[in-house]
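**Q** Spelled out, the chains give:
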Amino acid sequence: MLMNLFAEIDISKLFGLAIRTSIGVQAATFALAAVGLNLHYGYTGLLNFGVVAFMAAGAYGMAIFFTQGWLGGSIILAIASGLTFAVIIALSIGLPSLRLRADYLALTTIAIAEVLRISFRSQRLLDLTGGPFGLPSIEDRNASVSFADVITIDWNPIGKGSYGTWFLEFDEKTLWIMIIGWSLVSLASLLIWGLMRSPWGRVIKAIREDEDAARALGKNVFSYKLQSLIIGGVIASFAGIVRAFDMGFVETQQFRPQTTFFIWTVLILGGAASIWGPIIGSMTFWFIIIFSEELLRQMVDSGWIPEAILESSDIASVRMVLMGIMLAVLMIWRPQGLVGKKEEAQIDVR
Amino acid sequence: MSDNKTSELGNVEPTPGSTKQDPILTIDDVVRSFGGLRAVDVKHLEVQRGTITAFIGPNGAGKTTLFNLITGFDKPDSGKWKFHQLANAKSWTTDLSGLRPHQIANKGMVRTFQLTKSLAKMTVIDNMLLGAAEQKGESLRNALLPSRWRQQEKTILEKAEILLERFKLSHMRDEYAATLSGGQRKLLEMARALMSEPKLILLDEPMAGVNPVLVESLLVHIQNLRDEGVSVLFIEHDMDAIMGISDWIVVLAEGRVIAEGTPSDVSKNPAVIDAYLGSAIAEELKDV
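Note that the protein sequences, when read in sequence, are chains A and B.
Oh and the first sequence: position 148 is 205 in our numbering, straight run, nothing missing.
Oh and the second sequence: position 185 is 263 in our numbering, straight run, nothing missing.
Simulated from the structure, these hints should not be mistaken for laboratory data.
When the alpha-carbon atoms are kept at most 30 Å apart in a straight line, the in silico DSSO-like pairs for lysine-lysine are as follows:
id, chain 1, residue 1, chain 2, residue 2
1, A, K399, B, K246
2, A, K399, A, K262
3, A, K262, B, K185
4, B, K232, A, K262
5, A, K398, B, K232
6, B, K246, A, K398
7, A, K398, B, K199
8, B, K199, A, K399
9, A, K262, B, K237
10, A, K262, B, K246
11, B, K237, A, K398
12, B, K199, A, K262
13, B, K346, B, K121
14, B, K185, B, K214
15, B, K214, B, K237
16, B, K158, B, K121
17, B, K214, A, K398
Build the full structure now, drawing on both the sequences and the hints.
**A** Following this line, the structure appears as structure tokens:
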């Protein structure tokens, strides 16, 4: 029976697809968002359950500015407006709730993320956000016109063609966005590394451990938490922008709460409060997702798993169940994540 | 017990709200109620500079609440309190009422907590470094430019090593604070507070949960602080410790100051014995 299975499985395709995704743009954007969340949760101890709000702010801020053609519709200014929008979101979450207990921040972040998504979807904002259709408009999309063109065509230094071999073959657009995405991941990680080894980072970690202790030692905790929220938020908004350039459009579907929880999974999987955690976490997350999906698909297609047990339309859900089980097992055996510090995870906080 | 300090306080009337020669902290009409309960209701209180002053009183007397109020961790219903940074200089007086905890700490009045707040997932040395005040590298502007803070970091590090040595924590330097014993955490918290060179240090039950051997060394540390010119205000339940090292004792009951004076004044004060100490401890005090 087992021999039979191996004969049916295309191992090359299985690994090829999984590796392709784990180094792809999706993985880069998730890693980038997780770097932002890592500053929030891993280092500062802020429970941000609205990561996707920052991603949406970045993506929509950029897309609206560009499609409206404000200030000549420069893509650089459009990106800047996306980042500014993320700062505004950070302030509107932080100013009212950072003085309160940690759980209020968690609630506020979930709420703001949903308020943003539903507002962007609403008919009232149709002219601005494209409502449920997103940006750019359907006509533009049918004509293959997008804000991403400036980045992926005009500013693309890579010549037209196909690069790489095996399953790791990418066209010039994808390759360029991958380079941009992973470069941003590296820059953001470097920034966090630099910050966390400074006295600023020491205060940030102290706030995670005990806010009152930091206050008693003369640190303005509120100000530091706000700084952390803004910096992490801007990093996450870059993730939204890169994703928008990759897809060529923005839609509220991309910013459902589940994206927030995927990014939490990425961070916990890789290891919070570590520089490599978000990167390793994201690559592993996508590898597992695609590997299990492809494996199940091949098993169903070859008839090794009877249709009565699993239909191919169910595979997408089953892979998430598998992901959940794996995360639970990891939490039991390796609570610090794949690359987190073991000693830190073993310290009982209270 | 140091005689000079006691003599400074020798002329002071042992009555609630008495005027001190050179107060570092004065509290006026501070009231804090929880529902119908007046947890703190202090009409007037002065804390003499350069002395060890103890707050004592039965559970629920409002000692910790008063600490929380004057350090900004809780807000009073009304009242004012002032911090006199320099000796005998009325001009160097800061109104602390309404300031936030970190602002009060930065004025030179630093507190510790009853339940120690050692930062568990940080090393002992990082705990210490955090304590230093006015660090350039703590601002986001300079954080990414080590050239701007490396020199100061070195100075702070030296200071931290000296304090760790003094508090016998040097061997734990690079361990996580979580690995320290309860008594060592109390020491760490005190040492950390000293990193900012406070003028007044407020210790909330520094001896609670500490083994007797460490209590001895804690008492010595507190007396050394006083001798170096730091004013100490502390809350304690351990009567031997209080009577042994305090220059002045303030007795609180039901939120009010019911007595103050030198240890011998207080132990003879019938109001204290009646209202607070109770007969059993009164017996003990006769032997002291």
